[in-house]
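Protein sequence lines correspond, in order, to chains A and B. First residue of the first sequence: 204, per our numbering; consecutive thereafter. First residue of the second sequence: 46, per our numbering; consecutive thereafter.
These aren't lab readings, by the way, just hints derived from the structure by calculation. Treat the numbers as computed from the prediction; the structure is a model and nothing was measured. It is possible that some hints are incorrect.
[As the list claims (entries may be wrong)] Not close to chain B: a few residues of chain A, all C-beta gaps over 12 Å, as computed:
no.: 1; residue: 226
no.: 2; residue: 314
no.: 3; residue: 334
no.: 4; residue: 376
no.: 5; residue: 384
no.: 6; residue: 387
no.: 7; residue: 392
no.: 8; residue: 418
no.: 9; residue: 432
no.: 10; residue: 493
no.: 11; residue: 661
no.: 12; residue: 702
no.: 13; residue: 709
no.: 14; residue: 713
no.: 15; residue: 717
no.: 16; residue: 724
[To be verified] If you anchor each label on the Cβ, the simulated ranges turn out as follows:
no.: 17; chain 1: A; residue 1: 344; chain 2: B; residue 2: 147; range: 30 to 38 Å
no.: 18; chain 1: B; residue 1: 57; chain 2: A; residue 2: 237; range: 46 to 54 Å
no.: 19; chain 1: B; residue 1: 90; chain 2: A; residue 2: 713; range: 34 to 42 Å
For glycine and all other residues, C-beta sits at the position ideal for the given N, C-alpha and C.
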Amino acid sequence: MNNTTLILGNGPCAGIVAENLLTAGAKIIIATRDDTCNFDGSADTGALQIMTQTRLISCKGSVGNFRIHGTQKNKPVTIDAGRVIISEEDQRMPNFSLYGLNGSSNVITLSQMKHLLKDSSSEKTILSEIKKVVFLSGLVKESTPIIAKDVMLFSLLLQKDSNIKTYILTKNLKVAGDGLESLYRDTKNAGTIYIKFTDVAPDIHQNDEDPVRIEFFDEITSKNFRLTPDMTVVDESIVPSEYASDLAKIFDIEIDLSGFVQADNVHRYPVLTNRKGIMVAGPSRSIRDVDDQRIDAENAALAVTGLSGEETKAQKAQVHDGQCIRCLTCYRLCPYHAITLNSRVVVMPDACERCGICATHCPRHAVRIADLEPEAMSALIGTGGGIDKQQTFVPFIVAFCCRRSAARARDLAVCMGYHLPQGLRIVEVPCSGALSYDHIFGALGNNADGVMVLTCHKGNCHSEQGNIYADQTVAQIREMFSRIGFEKERILIQTLASNMGAEFARIAGRFEETIKELGPSRLKKIGLSENSTPTKSKIGKRK
Amino acid sequence: MTSPSEIIDMDRLDHTRCRTWPFLQDFCVTCGMCASSCPASGIDGFDPRMLVRMASFGLVEDLVDARWPWICTMCGKCENVCPMQIEIPDLVRNIRSRRDREKVPGILHKGLVAALETGNNLRLPKEDFIFIIEDVAEEVAEEPGFEGFKAPIDKKGANILTTIHNKLVNTHTEDLKHWWKIFHAAEEDWTATSENWEGTSWGYFTGDDDAMKVMAGRIVAQMERLEVNTLLWPE
Numbered sequence: 204m205n206n207t208t209l210i211l212g213n214g215p216c217a218g219i220v221a222e223n224l225l226t227a228g229a230k231i232i233i234a235t236r237d238d239t240c241n242f243d244g245s246a247d248t249g250a251l252q253i254m255t256q257t258r259l260i261s262c263k264g265s266v267g268n269f270r271i272h273g274t275q276k277n278k279p280v281t282i283d284a285g286r287v288i289i290s291e292e293d294q295r296m297p298n299f300s301l302y303g304l305n306g307s308s309n310v311i312t313l314s315q316m317k318h319l320l321k322d323s324s325s326e327k328t329i330l331s332e333i334k335k336v337v338f339l340s341g342l343v344k345e346s347t348p349i350i351a352k353d354v355m356l357f358s359l360l361l362q363k364d365s366n367i368k369t370y371i372l373t374k375n376l377k378v379a380g381d382g383l384e385s386l387y388r389d390t391k392n393a394g395t396i397y398i399k400f401t402d403v404a405p406d407i408h409q410n411d412e413d414p415v416r417i418e419f420f421d422e423i424t425s426k427n428f429r430l431t432p433d434m435t436v437v438d439e440s441i442v443p444s445e446y447a448s449d450l451a452k453i454f455d456i457e458i459d460l461s462g463f464v465q466a467d468n469v470h471r472y473p474v475l476t477n478r479k480g481i482m483v484a485g486p487s488r489s490i491r492d493v494d495d496q497r498i499d500a501e502n503a504a505l506a507v508t509g510l511s512g513e514e515t516k517a518q519k520a521q522v523h524d525g526q527c528i529r530c531l532t533c534y535r536l537c538p539y540h541a542i543t544l545n546s547r548v549v550v551m552p553d554a555c556e557r558c559g560i561c562a563t564h565c566p567r568h569a570v571r572i573a574d575l576e577p578e579a580m581s582a583l584i585g586t587g588g589g590i591d592k593q594q595t596f597v598p599f600i601v602a603f604c605c606r607r608s609a610a611r612a613r614d615l616a617v618c619m620g621y622h623l624p625q626g627l628r629i630v631e632v633p634c635s636g637a638l639s640y641d642h643i644f645g646a647l648g649n650n651a652d653g654v655m656v657l658t659c660h661k662g663n664c665h666s667e668q669g670n671i672y673a674d675q676t677v678a679q680i681r682e683m684f685s686r687i688g689f690e691k692e693r694i695l696i697q698t699l700a701s702n703m704g705a706e707f708a709r710i711a712g713r714f715e716e717t718i719k720e721l722g723p724s725r726l727k728k729i730g731l732s733e734n735s736t737p738t739k740s741k742i743g744k745r746k
Numbered sequence: 046m047t048s049p050s051e052i053i054d055m056d057r058l059d060h061t062r063c064r065t066w067p068f069l070q071d072f073c074v075t076c077g078m079c080a081s082s083c084p085a086s087g088i089d090g091f092d093p094r095m096l097v098r099m100a101s102f103g104l105v106e107d108l109v110d111a112r113w114p115w116i117c118t119m120c121g122k123c124e125n126v127c128p129m130q131i132e133i134p135d136l137v138r139n140i141r142s143r144r145d146r147e148k149v150p151g152i153l154h155k156g157l158v159a160a161l162e163t164g165n166n167l168r169l170p171k172e173d174f175i176f177i178i179e180d181v182a183e184e185v186a187e188e189p190g191f192e193g194f195k196a197p198i199d200k201k202g203a204n205i206l207t208t209i210h211n212k213l214v215n216t217h218t219e220d221l222k223h224w225w226k227i228f229h230a231a232e233e234d235w236t237a238t239s240e241n242w243e244g245t246s247w248g249y250f251t252g253d254d255d256a257m258k259v260m261a262g263r264i265v266a267q268m269e270r271l272e273v274n275t276l277l278w279p280e
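Bound-form chain B, shown alone (with noise of 0.2 Å):
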């Protein structure tokens, strides 16, 4: 990565490099709307126009190692605005994914590994999900009201499968209760899976295309089993 002091020599630099990237970075006209509409521009210096003039320069190297790509919040705001149509948050991705994974920061790839090996970003075994999943149940169903609930896990031939984020058997178990109590009122036909259960597919922020086909087929997979129609993700 080039320091901002040093001089670049612009012969030297391969602008096709990235033209094949499908995204019409080269048609930029360097106009700023994406700069000014962007919630995260100005945070360590994350410019969305100057990722994509980098891009059109051919600079890699440079993209790759930024910190920058990392702070985009993926909200599309700047694809919505660019008059010339770049695509600027798949171009984003595409330079996240470019990222040696042990690079990748914070847990995002950590917890991708785990959700690829174990199922869940928690590494959270089955019967310890059950639990979890039992004991709110048996919360909600001390509610006036809800005498009686239970969480039906694994029922087949439900009306809809909603997945879980992991935060909500970990931390935030109180917000597993709110979806559980629509449920109750609308008298919806659902259950949850006991394997992966996990609705987070970290993949998608860390530009790993091949980890979110996982996670989706995984889901597609417990959609089968229990034959179930409908899918809940509520990510």
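One chain only, chain A, in its complex shape (with noise of 0.2 Å):
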């Protein structure tokens, strides 16, 4: 086990991380792509490594074990690095293009606004000649509430201390962050005049170093309006950089709708990956101000530090050679990457999660865990339903539920006092993608007069896509069932949130009364008495 962790990155959120991190002990390594490295951390312990002009390629390994290549300063050069953290800076994109305008003398851009603000003689004569400035923010695209801050800013500097006038064009003002209304409040004090726009947007032209024409219609006073400033300052997207990108392909790492480096899934949040031992925190992951990036960075060190396998390595997936042909679906179907190739597949165990949806898949059977094969569950599960003292037909019906979600919803119903049947028995399991027709099957040869699959809401799986197989199980099981002549009834399956423990209650109830309405089963065993131990059925056994 390798307890270095490299850090990727040279911006302010990269050193907060490598401060923690040194703090709590551990020996890290900042990588930068930049001559320098911005993190002056007095490392004489030893617990420091800086490399500078550094580019990574590759990645292989898991958890605890990875070996990276690359190149420093041109040269090729191999990482070995326990956890990696990547947190590097994001780029603005000035939206020129957005509202028909290039960029010139008088068309700056938000950076160039806030360099002419710095104090630097040469150029702060510029400002000294301008007397009217409009910005332009999220006329066209949404902006954010860091966009909103600095425009805001820099149209209070200019009224204030260089007594400019400032226009501030906006759709919505995107003011939900801290700090952000006092300042428009300032802003306003200030004199900058504000002109929202909701359903037209001004017409803005440009005739190379004329001032830029901005002509409206003020849908407040319905009255048409002309502008034409002495500089116009152009809003900015923040996007993931370039890097950010190709790291996230050299880590096989899920990104999000704009590229940043972590999809949207609430399990992940904050500064997880679907890659055990890959951290991703600040301006890597999504457009964070700074003190979203601290608390991001000091996520990550607790998450370093706080990473250790709490599972055996029994109970992680496993190969049996005998029987895998290596047609890699397990390798293409983990999502937590935690399958290797050497000249066999491999199981790197600290990174396996348990989803099971390689072992589901595998049309050999060779990837196997151990304690949700389905003649383990089906043990588990064991037999039950029958007739109650009153001789009514009590049905027995067996709940898959995904650990995160189903099984937590229904823990909640327990708790909020619900009714819940009396034939459910509940079968957690960590993914509904490690659910197979053997394990339905094998409930249903239990005696089971339904079964139903209960997962995450889609989109929300730990797992990526794991409630999906699980949708796509259930949908093959009962269009079999209808071919057959079996009541597709009672397979049933839902997605649910933790928190929806009335839901729970309300979808159990209902598929009780489906179950009482059809019968029992007539898979069922006669004469099987509720003590009887499990039998192993022939429909779940598996060859």
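These two chains come separately, so use the hints to put the complex back together.
Structural data, given as structure tokens:
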């Protein structure tokens, strides 16, 4: 187990991660693409190694044991690390084209304005010549509080320090951030004029170096206005750096819709990725302001120090060599990249999260997770159902519940005092992706009158696609049942979140009603008593 | 005043023109709560939000020339719901005050001038006023239970002085009787004054603070003259 943490990035966030980890006594390597490293940790302890002009190319291995290849000053280099924290800076793209503008001496970006406002004598004179400045903010594409903050702050400085009249043309002004409403008030107090657009957009005309002409219909006063500012400041979009996108490919990390290096998945917030041991913090994972970055950095440091394998190797997926034909189905489907290829297919136990998707989909039954095997679970379920003292039919219902959602919803239902069906038996699974035909047939073979598969909501699966695989499996079984004349209503799949206790009770109650109407399952073995030992079902057995 | 189709050059507007106005109009977030709460919203294009915004743009002439500041009823609902505490009714009065007095709509200013000159909006002479009051008092005295009723005019040292709305000595004399009957039943020691009895102060509506001061001052003077400490001003 390698205890070194590799930190990628050269911004404040990377710096805070490094600081935190060094304080916690961890060994770190900081790799930056720049010529110098901004982190000036006085590391005489040997705990800190700094690599400049370093770019990564590939990564092998799993948590605790990553082997990373790259270049340092254009020469090949190999880095061994137990964990990786990606905290590369984002980048800002000017929105000129959104407004049909070209950058010029009087049409500049927000970053250029920031530069002008920083005291550097020669450039300060440019500001001394102008009287009116227009900011274009979020008129075509929704802005962010970070950009809105810059727009308001610069406007305030221009009004107060340089006595320049400022106008902010905006759609929704993003003030959902610390101190932004108060900043808005300050700008209003300083005399900034806001013009808010909802349905219409201003006409913006640019002709070489002439002042930009902006004409618009003001929806509130119902009047047409014209503005010809001495300077027009165009807002920017915050996007992940290209290198961050490269890193996502190198580490096989799922990205979000905007290309930031963390898929929108609540199970991974704040700083985890689909790969154990690879964290992402700050501007690499989403649009973050300075405070958010600090919080991220501290979380990443905690995640590193808190990583320990709580499950034993025996509970992880294992490949049984005699049966593996190297079809690579498992390699392709594993959401955690826990399967690697040498001459053989190998599961890296530390990276395996026990979702069971590999085992379910292996056509040769070569990949298995011992306690999730259909037979093992069948034994766990046992048999049930029958007739109660009043001689009425009590349906035996097996509910396969995702550990992260439905199982917790059931706990909540119990807590809240909801009535649950008498014959309901809960089977908790790490992920519904672990469920195969055999699990469901096994339950029916154990006398179940109905089977429910209760999963996380779509797009909210810790294993990304596990619930979708379960959905497909159930759909195929129901289809098959309708063809052979067996009641497909005996199989139900529903999505639930962990806070849906009432819904859990309602779904279970309705399902029990359905099963009562259908009567006992025809697959039930006649004469089985409540306490008899489970029988291995022929249907459930796989060769 | 600008026509709707004309393009106004914002660069030439002086946005600082109204900055000294103490109504916080520059803090408007254009949320529209005022417009949706206003009972007069939409009448002839009236919209309190528009008014606030034009003030913050510095479009003073347009505001002063517009008809809709005069549509406002001064109810104050807008101010009540405004998240930025903008004092919209006061802003409306301020705009009204800036209009040339001859251009104040309706009879408001004419009535006010009459009141300033003669003591009441109707230019009603003192003897006519006394005649009307006594005449109405006689009618009351004819009703059962009010035998001997008299309206005490200019009674020194009375407990209450009440002002009189000009409408009540003009077209709505019946309405005088309700008050008087209550006074009678309550055995209240009350009086009305034969001079400057007018309770209406149209300066409030036209934004004329000086006129309001004169009208209020006259009532105070009557209270002092008649040595009355309590005023009933049923406007």
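Going down the list of hints, with the structure as the test:
no.: 1; hint: 226; in the structure: 44 Å, holds
no.: 2; hint: 314; in the structure: 26 Å, holds
no.: 3; hint: 334; in the structure: 9 Å, violated
no.: 4; hint: 376; in the structure: 9 Å, violated
no.: 5; hint: 384; in the structure: 9 Å, violated
no.: 6; hint: 387; in the structure: 8 Å, violated
no.: 7; hint: 392; in the structure: 7 Å, violated
no.: 8; hint: 418; in the structure: 7 Å, violated
no.: 9; hint: 432; in the structure: 8 Å, violated
no.: 10; hint: 493; in the structure: 26 Å, holds
no.: 11; hint: 661; in the structure: 36 Å, holds
no.: 12; hint: 702; in the structure: 32 Å, holds
no.: 13; hint: 709; in the structure: 39 Å, holds
no.: 14; hint: 713; in the structure: 43 Å, holds
no.: 15; hint: 717; in the structure: 49 Å, holds
no.: 16; hint: 724; in the structure: 60 Å, holds
no.: 17; hint: A/344 / B/147: 30 to 38 Å; in the structure: 53 Å, violated
no.: 18; hint: B/57 / A/237: 46 to 54 Å; in the structure: 49 Å, holds
no.: 19; hint: B/90 / A/713: 34 to 42 Å; in the structure: 56 Å, violated
Violated hints for the displayed structure, listed by number in ascending order: 3, 4, 5, 6, 7, 8, 9, 17, 19.
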